[in-house]
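Protein sequence lines correspond, in order, to chains A, B and C.
With our numbering, the residue at position 163 of the first sequence is 163, and numbering never jumps.
Count along the second sequence starting at 1, add 259, and that's the number in our numbering.
Count along the third sequence starting at 1, add 534, and that's the number in our numbering.
Since the hints were derived computationally from the structure, they do not count as laboratory data.
Be careful, since some hints might not be right.
[Claimed, not checked] Under the rule of at most 20 Å between Cα atoms (straight-line distance), these lysine to aspartate or glutamate pairs were calculated in the EDC-like manner: (1) LYS270/B <-> GLU281/B; (2) LYS150/A <-> GLU422/B; (3) LYS482/B <-> GLU502/B; (4) LYS515/B <-> ASP456/B; (5) LYS150/A <-> GLU375/B; (6) LYS536/C <-> ASP27/A; (7) LYS482/B <-> GLU281/B; (8) LYS482/B <-> ASP456/B; (9) LYS515/B <-> ASP458/B; (10) LYS536/C <-> GLU375/B; (11) LYS364/B <-> GLU416/B; (12) LYS564/C <-> ASP146/A; (13) LYS150/A <-> GLU357/B; (14) LYS364/B <-> GLU344/B; (15) LYS370/B <-> GLU357/B; (16) LYS311/B <-> ASP146/A; (17) LYS330/B <-> GLU357/B; (18) LYS564/C <-> GLU93/A; (19) LYS364/B <-> GLU375/B; (20) LYS42/A <-> ASP27/A.
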Amino acid sequence: MRRALLRLLFVVALPAVLLTVWWLASDGSTNVFWPPLRTILKTFPDVWTADRFRTDVLPSVLRLTAGYAAAAVAGIALGTVIGSYRRVRAVCEPVLEFLRAVPPPVLVPVIMLFAGIGDTMKIVVIASGCVWPILLNTVEGVRAVDPVMKETALSYGITGAARLRSLVLRSASPQIFTGLRQALSIGIILMVISEMFAGTDGLGYTVVQFQRSFAVPDMWTGILVLGMLGFLLSVVFQVVERRVLGWYHGLRAAGRRSP
Amino acid sequence: MHALLDVSGLKKVYEGSGRRVEAVRDLTFTVDAGELVCLVGPSGCGKTTLLKCMGGLLTPTAGEVLLGGRKVSGPPPGMAFVFQEYGRSLFPWMRVGENVELPLKQKDLSKARRRELVADALESVGLTDAAGAYPWQLSGGMQQRVAIARALAYEPEVLLMDEPFAAVDAQTRADLEDLVRGLWRERGITILFVTHDIDEAVYLGERVVVLSASPTVVQEQLKVDLPVERDQLHTRVAPRFAELRTHVYEQIQAAKRGTLPVQDRLTKTDTPPLH
Amino acid sequence: MKGLNTALGAAGLAAFLALGEVVPRVGIVKEAYFPPTSRIASAFWTELNDGAFWSALGDTLTGWALGLAIAVGAGIAAGVLLCVVPYLREATASTIEFLRPIPSVALIPLAVLLYGTELKSVLLLVVYASFWQILIQVLYGVQDVDPVAEETARSYGLGTWARVRHVLWPSALPYVMTGVRLAAAVALILTITAELVIGAPGLGATIMVAQSSQAVPEMYALIVVTGLLGLIINVGARTVERRALAWHQSVRGEVTV
Numbered sequence: 001m002r003r004a005l006l007r008l009l010f011v012v013a014l015p016a017v018l019l020t021v022w023w024l025a026s027d028g029s030t031n032v033f034w035p036p037l038r039t040i041l042k043t044f045p046d047v048w049t050a051d052r053f054r055t056d057v058l059p060s061v062l063r064l065t066a067g068y069a070a071a072a073v074a075g076i077a078l079g080t081v082i083g084s085y086r087r088v089r090a091v092c093e094p095v096l097e098f099l100r101a102v103p104p105p106v107l108v109p110v111i112m113l114f115a116g117i118g119d120t121m122k123i124v125v126i127a128s129g130c131v132w133p134i135l136l137n138t139v140e141g142v143r144a145v146d147p148v149m150k151e152t153a154l155s156y157g158i159t160g161a162a163r164l165r166s167l168v169l170r171s172a173s174p175q176i177f178t179g180l181r182q183a184l185s186i187g188i189i190l191m192v193i194s195e196m197f198a199g200t201d202g203l204g205y206t207v208v209q210f211q212r213s214f215a216v217p218d219m220w221t222g223i224l225v226l227g228m229l230g231f232l233l234s235v236v237f238q239v240v241e242r243r244v245l246g247w248y249h250g251l252r253a254a255g256r257r258s259p
Numbered sequence: 260m261h262a263l264l265d266v267s268g269l270k271k272v273y274e275g276s277g278r279r280v281e282a283v284r285d286l287t288f289t290v291d292a293g294e295l296v297c298l299v300g301p302s303g304c305g306k307t308t309l310l311k312c313m314g315g316l317l318t319p320t321a322g323e324v325l326l327g328g329r330k331v332s333g334p335p336p337g338m339a340f341v342f343q344e345y346g347r348s349l350f351p352w353m354r355v356g357e358n359v360e361l362p363l364k365q366k367d368l369s370k371a372r373r374r375e376l377v378a379d380a381l382e383s384v385g386l387t388d389a390a391g392a393y394p395w396q397l398s399g400g401m402q403q404r405v406a407i408a409r410a411l412a413y414e415p416e417v418l419l420m421d422e423p424f425a426a427v428d429a430q431t432r433a434d435l436e437d438l439v440r441g442l443w444r445e446r447g448i449t450i451l452f453v454t455h456d457i458d459e460a461v462y463l464g465e466r467v468v469v470l471s472a473s474p475t476v477v478q479e480q481l482k483v484d485l486p487v488e489r490d491q492l493h494t495r496v497a498p499r500f501a502e503l504r505t506h507v508y509e510q511i512q513a514a515k516r517g518t519l520p521v522q523d524r525l526t527k528t529d530t531p532p533l534h
Numbered sequence: 535m536k537g538l539n540t541a542l543g544a545a546g547l548a549a550f551l552a553l554g555e556v557v558p559r560v561g562i563v564k565e566a567y568f569p570p571t572s573r574i575a576s577a578f579w580t581e582l583n584d585g586a587f588w589s590a591l592g593d594t595l596t597g598w599a600l601g602l603a604i605a606v607g608a609g610i611a612a613g614v615l616l617c618v619v620p621y622l623r624e625a626t627a628s629t630i631e632f633l634r635p636i637p638s639v640a641l642i643p644l645a646v647l648l649y650g651t652e653l654k655s656v657l658l659l660v661v662y663a664s665f666w667q668i669l670i671q672v673l674y675g676v677q678d679v680d681p682v683a684e685e686t687a688r689s690y691g692l693g694t695w696a697r698v699r700h701v702l703w704p705s706a707l708p709y710v711m712t713g714v715r716l717a718a719a720v721a722l723i724l725t726i727t728a729e730l731v732i733g734a735p736g737l738g739a740t741i742m743v744a745q746s747s748q749a750v751p752e753m754y755a756l757i758v759v760t761g762l763l764g765l766i767i768n769v770g771a772r773t774v775e776r777r778a779l780a781w782h783q784s785v786r787g788e789v790t791v
């Protein structure tokens, strides 16, 4: 019981201190850019109404989901093919290394040329930025499937779809998740900036509108919402990852105990 | 009457980046249905290559392997493999029960029958309680038991075991040896057991095939005339056991030096005389 | 074998470039949107002979290097501090878990208000994004210190500083290197983002100008430059990592963060 209380104290103590410091330090602030925390929190419910969530947060999240999902499917599928064949890998590697190295935000102006400034453009931007880390990590993961496991599968006649499902993708899954994790950060960046560039709704658009109209407390609430969205998505990701990769964390822990 | 497993003129040459390595030169031997045969040879003599050719995991350069009269070209459904690297042969993302069941899913079996086979196989190796655990939660010896259970559940005609106990400690190893003998006697399956350990070969086998150093040929075949009933305590101190192991030891030493006239020995399958 | 792979890779690259030439030429996509490789190449050549390009490249590299250096310094200092001071690690865990996933692009409006298009805007974004990469890897690395080595050091009466220097730092170094490699890539992404969105001088801003003035081949040429920059940074960071860790026998997987 005491231990649990102590743990709780550790979890909440520092955030509480930081918030208090912010509150006190900003309380009498007359600097337009650093409004008192009190003002920001008071503004929050006025700005982020249920209606606003529907018109701004939801479209952003939907576009992110669509782009991210498309990137995941394409990245894993292509990565599995490229990772499975040595020759294909040798042919594709330099090109992929280059495409991966292109900073994803420069895709925004390119795809604006092709797809205008609608939802399609934003989804394509997110998908084409997220696909590279997923693709390259999948290639690595598929390439590194243990040869003994491959022979085991072969000797028991496990081939085709069953081999893919129960051996290749499972074995590559830790690597694939590393890629998915990197892609998530990139996806959020692209979601926000594609809306900042060109949009009529969405979180990025709204926050920039606040900034341009010098509605500073409103802008701060927008930053808080973006922060919370990032945090929330990362929590969801971790929950999924713990479920899918439970075996991997156990295996690593077992390996550390008896190297 | 055909032998169940018939290896004739097997040759395997690895070729790559300008180097040509002859791992197996010319191997001929047979295994009858229900036999437990041990293959023993000096380290690096191509035992694993031979076994992989027999299991259809490698294509031989020349010669052929017949299982039940049919030529092996790719992993045949009647064969199950137990690898030395148990830790890398079991899938760490599946629980023990799922690992054992996985190969059965490729066969046309009902769910109930699959469950029955899994339970039965796990019971045979004494791991009924471990079905829900992950392989990496088990000790090395237990992991190798799971691999054996997986092979048993597959109901193979021939069980190929590639130095399965090389990586476990001595006591566990003794237990596992007795397990293999027990399973062989209970189930009447055919087992081909590869090892570099002479004692293990003599203790386990009904027959020992001694291989030469690489490039490999059959150095000698030897019938083990120990009683069917064997145990770690008595069998290993029996005078006959000592004679047999000494004989195999000399053969292997000779194989390493490459002094024995190999051709004369090729078909010899008798037992050394009692001294 | 290696020679064959290189040849295959070169063939792949050549095919990629040829595809870029053919697709717009036969009209699968409009040339106005996607000019053929040869035109991008000639635009690239023109850029190379343009002083403005080099100053933009210099701006980008300055933002990247400065931001990365600050993040690496701060990340390592904070990481070591958190591990050396008792209970600090536990006390900060929840805060770090909350702050880390906050997307740095959320700070763009704030950066614009505070610093406009100055270098500081770029640095704010770059440092915020890269700092966490380093800090997290340092924390993982320290966690990975062999308890036996730590006990040994304690039993010989080594002081805190000596333990940090001789036990903690060498064990954590591989992780720190991984952190630096990841942070270097992230820093480039954020540098370009800041230039694109805020308009801070650099390659990103030049790309935006090219796009809005319909100088499409120039835009693609500049994008290729950013890609090459990214490639050099990736390959360079990996080489440094490998060189620096040649002594380290441990084979370890990358930690998912």
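Against the structure, the hints come out as follows:
For the given pair, LYS270/B sits about 8 Å from GLU281/B by alpha-carbon distance, which is consistent with the 20 Å threshold. A distance of roughly 18 Å separates the Cα atoms of LYS150/A and GLU422/B; the hinted pair therefore holds under the 20 Å criterion. A threshold of 20 Å between alpha carbons decides the hint, and for LYS482/B with GLU502/B the separation of about 13 Å falls inside it, so the pair holds. With a CA separation close to 15 Å, the supplied pair LYS515/B and ASP456/B stays within the 20 Å bound.
Proposed proximity of LYS150/A and GLU375/B is contradicted: the alpha carbons are some 26 Å apart, above 20 Å. Between the alpha carbons of LYS536/C and ASP27/A the distance comes to roughly 66 Å, so the proposed pair goes past 20 Å and is violated. Proposed proximity of LYS482/B and GLU281/B is contradicted: the alpha carbons are some 29 Å apart, above 20 Å. Between LYS482/B and ASP456/B the CA atoms are separated by roughly 17 Å; this keeps the pair inside 20 Å, and the hint holds.
The straight-line distance between the Cα atoms of LYS515/B and ASP458/B is roughly 18 Å, inside the 20 Å bound, and the hint therefore holds. Between LYS536/C and GLU375/B, the direct Cα distance comes to roughly 51 Å. Violation of the 20 Å bound is thereby established for this hinted pair. Under the criterion of a C-alpha separation no larger than 20 Å, the hint pairing LYS364/B with GLU416/B is consistent with the structure, at around 18 Å. Among the hinted pairs, LYS564/C with ASP146/A is inconsistent with the structure: their alpha-carbon atoms are about 46 Å apart, more than 20 Å.
Our distance criterion of 20 Å between C-alpha atoms is met by LYS150/A and GLU357/B, whose separation comes to about 17 Å. Distance hint between LYS364/B and GLU344/B is unfulfilled; the C-alpha atoms sit about 23 Å from each other, more than 20 Å. Straight-line distance between C-alpha atoms of LYS370/B and GLU357/B comes to about 13 Å, which keeps the hinted pair within the 20 Å bound. Taking the CA atoms of LYS311/B and ASP146/A, the gap is about 17 Å. The hint holds against a cut of 20 Å.
Of the pairs offered as hints, the one joining LYS330/B and GLU357/B is violated, with about 31 Å between alpha carbons and a cut-off of 20 Å exceeded. A C-alpha spacing of about 28 Å is found between LYS564/C and GLU93/A, which places the hinted pair above 20 Å, so the restraint is violated. Among the hinted pairs, LYS364/B with GLU375/B is consistent with the structure: their alpha-carbon atoms are about 13 Å apart, no more than 20 Å. Under the criterion of a C-alpha separation no larger than 20 Å, the hint pairing LYS42/A with ASP27/A is consistent with the structure, at around 13 Å.
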